[in-house]
Amino acid sequence: MRPAPRTWVLAGLLLLLAAVPPLAAWLDQPFYLDLLRRVMIFAIAATSLNLILGYGGMVSFGHAAYLGIGAYAVGVLGFYGIHDGWLQWSVAIGASALVALAIGAVSVRTSGIYFIMITLAFTQMLYYLGISIEEYGGDDGMRLASRSQFSGLIDLADPAAFYYVVLAILALFLYLTRRLVDSRFGRALQAARSNEARARAIGFSPYPYRLAAFVISGAMCGLAGALLVNHTLYLTPEFMNWTRSGELMFMVILGGIGTTAGPLLGAAALLLLEDLLQGWSLLPKAVTEHWQLYLGVILVLVVLHAKRGLAGLIPGKNE
Amino acid sequence: MNLILIAEQTLNGLQLGVTLFLIAAGLTLVFGIMNLVNLAHGALYMVGAYLGTFFFQQTGSWPLAVALALAGSMLVGVVTEVVALRTLYERDHLDQVLATFGLILFFNELVAMLWGRAAIFSTIPEYLSGHVQIAGGLSYPLYRLVIIGIGLAVALLLWWVVARTRLGMLIRAGASNRPMVAALGVNIRLLYTVVFGFGAALAGLAGLLVGPVYSVQPGMGELILIQVFVVIVIGGIGSIRGAFAGALIVGMVDTLGRAFLKPTLATVLSPTAADAAGPALASMLIYLLMAVVLAFRPAGLFRAVR
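Line by line, the protein sequences give chains A and B.
Anchor point for the first sequence: position 243 equals 243 in this note's numbering, and the numbering is continuous, going up by one each time.
Anchor point for the second sequence: position 45 equals 1045 in this note's numbering, and the numbering is continuous, going up by one each time.
Just chain A, with the same shape it has in the complex (with noise of 0.2 Å):
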């Protein structure tokens, strides 16, 4: 069987960010090189929400819990002097699990409106929690001695060495969900999605299937969350600020909604543009300054508009 145009497309996207490092350090431009990792960890975060998003029509809105978790796990492990990156990212890893499998439990029972909220509550306790333990920062937050050490395996104070450690981790995740959509446990979540009655008709109960996604999905975030602190090198509970979830949501949404290529599409799309209006010279001051109003209006056109969202203008089946 022939490649469908996304995945040619999804391969080249991802050629093309192999090649940043050696194109950033020949135009002695290593601020992209920053702009570009940044814009991938959050499409790790926002693969892992289109699993349950997606494929599993959960609409969490408190994704970012688990962006925090991995992000506390490697934060709180340094603050007592234990920088080993093998154990700080399992830590972050199980925790988010952990965290999701309570959460899940208790939230997956519900649907519609009342998911999104008690997913947005569980999160905002967390964030909470988070503002609360002086100890480790509470409001405002604490630096990182140290980014992750592999003992002299992969050196992460190197620029480009970190790009590709999170290049790598993005494109095995973009692999897994795939292959995991693909399979008799992905078939069962989707047939769950569009529906309820039917699945339990044919003899299998979405519960099980939909909580597994959570749980899953929570751990990938999780992962997400210990590369995004150690790319900030800055602990904050802002990871868990709710508007964090709603830009996870929105960037699954811009990208294109149960696609492969679309957590990453909307990443890219969301995070450079927000860049761009922020930051473009070409632009009038008003427009810079006030970039968030630009930003709101672009965000209810494209939901008012464009329903398929990026990977939509590619040709290709839809889930």
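The set of hints was computed from the structure by calculation and includes no laboratory data.
Heads up, a few of these hints could be off.
Unchecked claim - Pairwise CB distance ranges, derived in the manner of DEER restraints:
1. A:Ser205 x B:Ala1118: 41 to 47 Å
2. A:Glu274 x B:Leu1075: 27 to 33 Å
3. B:Leu1157 x A:Glu196: 39 to 45 Å
Unchecked claim - Computed far set for chain A versus chain B, every beta-carbon distance over 10 Å:
4. Tyr32
5. Tyr80
6. Gly81
7. Gly85
8. Gly94
9. Leu101
10. Arg109
11. Pro159
12. Ala171
13. Ala269
14. Leu273
15. Leu310
Said to hold, decoys possible - Footprint (simulated), chain A over chain B, 3 or more residues, beta carbon under 8 Å:
16. 1139-1148
17. 1277-1285
Bear in mind that the values here come from a model prediction, so they are computed numbers and not experimental data.
For glycine and all other residues, C-beta sits at the position ideal for the given N, C-alpha and C.
Could you slot chain B onto chain A? The hints should help.
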């Protein structure tokens, strides 16, 4: 813990409760009737606070400022409904959440453009400042009592409108069966706009009342909006009675939790542990409450009749 402190905090809780109710009433109606999740409802609260402050500075008359700010909030609400939200009614919740999230960014920046990013100073009229002596050495700010009074009066008025008038009958009918109401020849679009406008005015009223108590700044709407969501989810989405009960419960739990949880914990735990756990638990309390309510009554305490 003495009685005066408890009474004072209870009044504070009541004041937060009625404020939450004013915002929640519009939000729950909009959800119940139009099936719209409106995250931008907090922005209308912010608009009310800014307009109230602005008009009071300009005119010097508080009642006039209140009237102008109410009309202004209603106008902003109606324009938003007609321009942006109308097309969203038939969409799924996901699109609604995102589009109204965009509106939040828009309104916050618009306000920042007009009045700046810093909090603006909002005053209360001379004759409403000062304290009132309530029985037994408890003196309480008059302005906060006024807020409680206005809030309870509006709640009563709202009950009367919904339960006793033709408009209220249409609202209830619209909430239970939209196509049927439209088939009976009611202009449902107009009804939506009217309901949204009144909801906006109520949120604006809340904003202009509490502006001088809290702080008037861009983003103030989102801080309270999430609490309001907790209120309507606890009360049962679409039910005004539920919104009232939910608002008072959340207002009380939040205020009393913040005031008394730490000293209460200190009697059981060590002082340092209470210091650490008290504030954290207090700010998580209403979300815990919501999770518990949803676990036992998945449709809230007062389920709207559908």
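Hint check:
1. Here the CB-CB span from Ser205 (chain A) to Ala1118 (chain B) is close to 54 Å, at odds with the stated 41 to 47 Å.
2. The hinted range of 27 to 33 Å is satisfied by Glu274 (chain A) and Leu1075 (chain B), whose Cβ atoms lie roughly 31 Å apart.
3. One distance hint, 39 to 45 Å for the beta-carbon pair Leu1157 (chain B) and Glu196 (chain A), holds here, with the actual separation near 42 Å.
4. Annotated as non-interface, Tyr32 (chain A) keeps its C-beta farther than 10 Å from every C-beta of chain B; the closest such distance is 26 Å.
5. Every C-beta of chain B lies more than 10 Å from that of Tyr80 (chain A), the closest at about 17 Å, which supports listing it as non-interface.
6. Once the 10 Å rule is applied to beta carbons, Gly81 (chain A) is consistent with being away from chain B; the minimum gap is 22 Å.
7. Separation of Gly85 (chain A) from chain B is adequate, the least Cβ-Cβ distance of about 29 Å exceeding the 10 Å criterion.
8. Look at Gly94 (chain A): its CB is around 23 Å from the nearest CB on chain B, clear of 10 Å, so calling it non-interface holds up.
9. With a least beta-carbon separation of about 15 Å from chain B, Leu101 (chain A) lies farther than 10 Å from that chain, consistent with its non-interface assignment.
10. Residue-level check failed: Arg109 (chain A) sits 8 Å from the nearest beta carbon of chain B, not beyond 10 Å.
11. Listed as outside the interface, Pro159 (chain A) is consistent with that label: its C-beta sits roughly 31 Å from the nearest C-beta of chain B, beyond the 10 Å cut-off.
12. Residue placement check: Ala171 (chain A) keeps its beta carbon more than 10 Å from all beta carbons of chain B (closest about 27 Å).
13. Listed as a non-interface residue, Ala269 (chain A) keeps its Cβ farther than 10 Å from every Cβ of chain B; the least gap is roughly 14 Å.
14. The non-interface label for Leu273 (chain A) is consistent with chain B: the shortest C-beta to C-beta separation is roughly 12 Å, beyond 10 Å.
15. The Cβ of Leu310 (chain A) sits about 15 Å from the closest Cβ of chain B, beyond the 10 Å cut-off, so the non-interface label holds.
16. A count of 0 residues in the region 1139-1148 of chain B with a Cβ less than 8 Å from any Cβ of chain A is obtained; the coverage claim is therefore unmet, three being the minimum.
17. Counting residues of the region 1277-1285 of chain B whose CB lies closer than 8 Å to any CB of chain A gives 4, so the stated coverage by that chain holds, three being the minimum.
Violated hints for the displayed structure, listed by number in ascending order: 1, 10, 16.
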